[in-house]
Amino acid sequence: MKYHLLAPALTLAFTCAAADGNWPQFRGPSGSGLGDGAHPAVQWDTAKGTNVVWTAEIPGLSVSSPVIWGDRIYLTTAISSDAKQTFRTGLYGDTDSAPDRSPHQWKVLALDKKTGKLLWEQTAYQGTPKTKRHPKSSQASPTPVTDGKVVVAYFGSEGLVTYSTDGKLLWKKDLGLQNAGWFFDPDSEWGAASSPVIHKNTVIVQCDRQKDSFVAAFDLKDGKEVWRTARAEIPGWGTPTVVAAGEGRSELVTNGTKAIRGYDADTGKERWTLSPNSEITCTTPVSGHGLIFVTAGYPPVRPVYAIKIGSTGDLTLKDGKDSSDAIAWSNKNGGSYLPSPLVYGDHLYLLNNNGVLTAYDAKTGSRVYQQRVGPGGSFVASPIAAAGKLYIASEEGDVFVVKAGPQYELIAKNSVGEPVLATPALAGDLLIVRGAKHLFAIADTEKK
Amino acid sequence: MRLIALFAFASMLATAADTNADLLSAARAGDLAAVKTAIESGAVLETKTPYGQTPLYLAAMNGHEDVVRFLLDKGARTDVSDTFYKAPMLGFVLQRKHWGVAKMLVAKPANPDQTLGEVTGSGRADLVETVLTTSKPSQSALDKAYESALEGKKADVAGLLKKAGANDPAPPVTVDAAVLSSYAGTYKSEQIPLEIKVSIREGKLYGQATGQGEFPTKTLSATRFAFAQAQLELEFEGADAFTLKQGGQSFKFKKVVSK
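The listed protein sequences derive, respectively, from chains X and Y.
1 is the number of the first residue of the first sequence in this note's numbering; add one for each residue after it.
1 is the number of the first residue of the second sequence in this note's numbering; add one for each residue after it.
Careful: at least some of the hints might be erroneous.
As the list claims (entries may be wrong) - Cβ-to-Cβ under 10 Å is the rule here; a few derived chain X residues that face chain Y:
1. L91
2. Y92
3. T95
4. S97
5. D112
6. D185
7. F214
8. N333
9. N354
If you are wondering where the hints come from, they were derived from the structure by calculation, not from laboratory data.
These numbers were taken from a predicted model, which means no experiment stands behind them.
All C-beta atoms, glycine included, are put in the ideal place defined by N, C-alpha and C.
Based on the provided sequences and hints, a complete structural model is requested.
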């Protein structure tokens, strides 16, 4: 087993902030959730319109996040022909699929960032969904990705599609049936949710399903497959993360049940594996302090791993050990289930589905605090951070603003008046919150 | 020659594994013809998935009555719990409301006490009647089920259990208020991903698990509290820990937040 200690600067290069107004993928730059340099509003009132720049009604059902580049916001939705279809929110553990077999339209939308006005929309696919969805999920759960030239949307079984930023179809690809569902009963289909990421001139998708899982890269220009690596995996929902791994290399880090894995992002060659992990994995790896943090929150283990970037080989810890040359620290039972982790400043933040927020010293793994956010509730959106604050959205439609740092302090609670399951996005000082029916653009209007 | 023999043996093993996989797949899909073919080809009746599910388990949890009937006739075991959730097959059957399958399974209960508890929770008088006519649950199981039915206001079920000889529930015990209030707080288990909030109101202990409704308990002693409807019991070991007992399993909980 080899490992390299990297200067933190190498990873910082990948987490350039959203201050330039771009939030290109799920959770923004490098999936970090960080908008440093941005100063989003702390308080707003959607009912009175205080600090609400605009509100746009979004048709259909989707838990995907908006992405932002320049003056445009891109997002996806799936519109059912049955208008009654909705999410079932709250804390529950049902495993059955949603009873929704109505014909759908899968769409990509582009909105003007300043006004919320619809600039274009394209229907990527229409028909009866090829797989079912979880009652809390949608037929359009993966977040699109953009590099400012193209927008790529992944709709699971309904394919991968790329448009120019003006809405012209560039290419489409059918990646086969993406029947991601319950490991225990493959007939319980929950739908795909892993979001695509852009690396250099390729878009990478992680397709963990009941059979023949894989991760693959496609040329952004024409959709031609650049590489594909088979994964001995069962269904998973986490978005992969690309990190700089030194010596000019980039590493693709994937969450997964059988193993957490690192691949060469240019070739798809596997570089390292780490187990054990939860039987269901949903979160996105994040990096900081020369470490990559991976977590999962389902039995039989709910681990948190802080992996030294650049490690290779089988990184699995020896029995009874919680660190090694390759693992800075770990614990077996602190992992979060749906919300992805956040590294901000010196701390790693993990949010449980029930709203319990745990802060760790990112370098050592020492627990700094554990606190229920507000009165609790149900949380699936991942936390994001900017200007020394964490923004945490609940399914009940509340966005909690918590001071970042070693002591928990709730600064504000703002309601958007409808369920929030999508992770919010940041564009400069503009906070974009996707509710079940609307997109809310929020900013401190007094400041201007 | 030895190499050929080894190769032949390896091929036989691979074929057996394929046949077993075919049986599991057919049972899950409810394909009776394929189930019969797999059994005739030598598939093992009690073969298991990596999670310990047998063909009967899979057919039952997916509500395939004809396959369940066939496998029961072949002698498939009903007392199977999976290795991941440790859930008996009847648990998923009742949760998914496959009442026809449930009736077949409870007609051959491997553990009458446990089966009676499970079907009482479903509130289905026909299932309770089947258990009572095809097996003989213990007096203790009858009493617990009766109390559960009374608490859940399931009059039909309670009537059947009373007729079968269930005793009236004992009155609750009164516990010192200071002792009772010392139990209040939030508890977490290392064994299962669940938090339970314990609160005290008007001399009664209430529990509330993550994402579920609050449940009242009956005080059995200064340290034991029961919720008959869910057939669960909390046994406190001091003011900072308790053991949750349910369905023959025990889970340790430690207090993480007081009050």
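Numbers of the earlier hints that this structure fails to satisfy, in rising order: 4, 5, 7
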